[in-house]
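Q: Next come the chains, spelled out residue by residue.
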Amino acid sequence: MGKLAQLVLHPLELRAAIQFKFFKQSLHPRQPTNERETLKHCYELLALTSRSFCTVILELNPELRNAIMIFYLVLRALDTVEDDMTIKPDIKIPLLRSFDEKLNLKSWSFDGNSPDEKDRQVLVDFTDVLEEYHRLKPVYQDVIKDITHKMGNGMADYITDEEFNLNGVATVKDYDLYCHYVAGLVGEGLTHLIVEAGFGDPKLEDNMQLSESMGLFLQKTNIIRDYREDLDDGRSFWPKEIWSKYADSLSDFSKRENYEKGLDCISELVLNTMDHIKDVLVYLSSVYDFSSYNFCVIPQVMAIATLATVFRNEKVFETNVKIRKGTTCYLILKARTFEGACEIFSYYLRQIHHSCPITDANYIKIGIKCGELEQFLESLNPAPHVPPGATIPQTPHFVKAERKRKLDRELVPTLAIESLKCDVFLSLVALGFLGVIYSISS
Amino acid sequence: MSQFNSVLLVGGAGFLGSHLVQQFRTNKPDVEIHVFDIRPFPEKLAKYFTFDPKEITFHQGDLTSAEDVSKAIKDSKCQVVVHSASPVHGLGKDIYEKVNVLGTQTLLQVSKELNIKAFVYTSSAGVIFDGSDVYNANETWPIPKVAMDGYNETKAAGEDMVLKANDPKNGFLTIALRPAGIIGPGDRQVVPGLRQVARTGQSKFQLGDNNNLFDWTYVGNVADAHVLAAEKLLSADTRDAVSGQAFFITNDAPAYFWTLARAVWKADGHIPAKTVVLPRPVAIVAGYLSQTVAGLLGKEAGLTAFRAKVVTATRYHDITKAKTLLGYKPQVDIETGIKYTLEWLNEVV
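Chains as they are written, first to last, in our numbering: chain A, 1 to 442; chain B, 443 to 791.
Just chain A, same shape as in the assembly (with noise of 0.2 Å):
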């Protein structure tokens, strides 16, 4: 289906797709024309290698925009060489393993990756990446320095780890710690960086199992999602422990007879992602800039649109499951309020406990998980539903989530201006639709 037929299919989309187009204010628009040349070609890096990434780091405070664009690059360019299969292993691991240390160096590049490598940008023009990377604040580096380190070793580690190269992840807790130097560590990143900032509560830095549910809620969905994918690129993130329970062997979901259990083994996969739910929450509870807050939620509310999509769906097995784009405007412009984000996970999660057959071999357990959530999202804000002479519980994370609701009312007047003008504009396209109707019946 064409993304128009799409669009006028789902009239809410249409609305989000054309204020998100023409309407969304920006929080704080970059000024291209007076930056160096370095820092502007390091925008330009970015928005070669990712998309969706430039768009939301653009939209950043300029306090940490540089700081994680900066961040990003880096990362991109070690994935770009744990990626690229034509490194001989005895350049690539000590390179992984040492790619910290070039950040202490004023000028370095590579250019080993084969020329097919889509990202092999980025390295060659590392020195540019490097020159802004030492105008940022001492702590800013610091911070993407030891993410460096770590992830670098972790890559390192995986890929002369043979068991793993050989069978996958074999325990969910071996899973876990997969994820963690995937996306928990790119979550303990950021996590410092905005707390330096002064962008959300400094207890986050105390309680880095939360940002570490941040990253591992996204890349579990996304492991969840790739099975096919991962599966013709002969790899395989789903770990053994779970799958085993449904299959002798991770391929034999993709056989036509085999559906059936293959969803059992999604819902026990969703279960699982949808542990992290609660941490998510409270995490986004505790960033309070609006642009630091849209940059963590939105990869946050477009994963559980994608966990409702996967959950039940044997098109899991036979390709790469997305939302739509018309989806994604609306999470995007409605996840703006922490209340508004905490609806988009109500309206998912009922989807999966709706969409769940009581033939599924988790039925309860799914039940219960949904029902756990939805008390939880009740326990953060009650107030719609408690009678007089009752009181609220104050507990750390209710006075979170209030505080955070609080400091959204600052963006209702912006976000009422905005939503209007799209309506009024929405109105007069209708009217002038009428009128040429008009003109031409009459």
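Note that these hints are calculated values from the structure, not bench results. Certain hints may be false.
To be verified - From the derived model, a few chain A residues whose C-beta atoms are all more than 12 Å from chain B:
{"hint": "1", "residue": "Pro62"}
{"hint": "2", "residue": "Glu131"}
{"hint": "3", "residue": "Ala197"}
{"hint": "4", "residue": "Phe290"}
{"hint": "5", "residue": "Asn320"}
{"hint": "6", "residue": "Asp360"}
{"hint": "7", "residue": "Ala416"}
What the hints assert, rightly or not - Here are the simulated distance ranges between beta carbons:
{"hint": "8", "chain 1": "A", "residue 1": "Pro396", "chain 2": "B", "residue 2": "Lys781", "range": "32 to 42 Å"}
{"hint": "9", "chain 1": "B", "residue 1": "Gly643", "chain 2": "A", "residue 2": "Asp252", "range": "34 to 44 Å"}
{"hint": "10", "chain 1": "B", "residue 1": "Leu731", "chain 2": "A", "residue 2": "Leu231", "range": "52 to 62 Å"}
{"hint": "11", "chain 1": "B", "residue 1": "Lys611", "chain 2": "A", "residue 2": "Val399", "range": "35 to 45 Å"}
{"hint": "12", "chain 1": "A", "residue 1": "Glu410", "chain 2": "B", "residue 2": "Glu777", "range": "42 to 52 Å"}
{"hint": "13", "chain 1": "B", "residue 1": "Gln638", "chain 2": "A", "residue 2": "Asp206", "range": "47 to 57 Å"}
{"hint": "14", "chain 1": "B", "residue 1": "Glu555", "chain 2": "A", "residue 2": "Pro357", "range": "56 to 66 Å"}
Here the structure is a predicted model, which means the values were calculated and not measured. We treat Cβ as the ideally placed atom computed from N, Cα and C, and that holds for glycine.
Based on the hints, put chain B in the right spot on chain A.
A: Chain B alone, transformed into the frame defined by chain A:
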């Protein structure tokens, strides 16, 4: 070493009562157990129970008779009275009035006169329910002016008396536990009721949108909470925090009403082929019609407006208070609880 050496379980021959015996036996092996009930203690116990009935002293009597109650307390030399006697749901108001109000009053008076130290009352989560939705309620939620039915009204009256009777100065301490939706071996209402629904082919009907969360509680967990309540009332460190207080007791795992029902059916080997959803208002009207027709025919209606309201309402509770002050933690999860209940049903039928 326990802070008491004898307990009197009033209503101890009933569904919850027999689990109270089990959990007191297991957790307090050095405490003498006395059971007071109007019915005789069951001669044959289900396989589920591991205690030896010979180790229990049984006192038969009427809860509303001060004489019967007084004799049992004196004979048992108990320091703790646990009052879990209550008629089942769906009876006339007179019987509830008699047992839940008069019986409780009598038991309270006699217990106080005879210097009982701790009085644990089994109330009900229904005391705050008047038909409107209950979202994650804690103990600060008020008791509604008009109760849902005679059962809940008299349970609330009983609870009120018990909590007001709390008298730390004179060493008489009371507590009320409010369990929600008890299931387990011995359950004659919830799980057998659902089995009946499946047998009559009505499992395909879903009343309401199934977005309503509901609490079920495994009976053994409810019994554990009673043991903890007695302990906390008698410990100098905790008694001030818990005496005169009410506590919700659930499995801390609210789930959607029909999901729980279907989980029972599934565990019982029955998978409804399809689902017909009756929206809440339709279900309530259907309930009125069905009870009217059944009334004219002199039969008992399967669906009543009352039942339609109950199964479509949101009703779940926040048990943080029980977890923090009583140290309560559900030991048996709902899935296992359903399994035990069905195993027991299959054994007795």
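Q: Next, verify each hint and record whether it holds.
A: Okay, the hints, checked on the actual structure:
1. Pro62: 41 Å, holds
2. Glu131: Non-interface label stands for glutamate 131 (chain A): nearest chain B Cβ at 54 Å, farther than 12 Å.
3. Ala197: Holds: least Cβ distance 34 Å, greater than 12 Å.
4. Phe290: 29 Å, holds
5. Asn320: 31 Å, holds
6. Asp360: Violated, because the least Cβ-Cβ distance between aspartate 360 (chain A) and chain B comes to about 10 Å, which does not exceed 12 Å.
7. Ala416: Correct as stated: the minimum Cβ-Cβ distance to chain B is 28 Å, above 12 Å.
8. A:Pro396 <-> B:Lys781: 32 to 42 Å: 36 Å, holds
9. B:Gly643 <-> A:Asp252: 34 to 44 Å: 37 Å, holds
10. B:Leu731 <-> A:Leu231: 52 to 62 Å: Given about 55 Å between the Cβ atoms, the range holds.
11. B:Lys611 <-> A:Val399: 35 to 45 Å: Given about 37 Å between the Cβ atoms, the range holds.
12. A:Glu410 <-> B:Glu777: 42 to 52 Å: 46 Å, holds
13. B:Gln638 <-> A:Asp206: 47 to 57 Å: Since glutamine 638 (chain B) and aspartate 206 (chain A) have Cβ atoms about 54 Å apart, the given range 47 to 57 Å holds.
14. B:Glu555 <-> A:Pro357: 56 to 66 Å: 59 Å, holds
Of the numbered hints listed earlier, the single one contradicted by the structure is hint 6.
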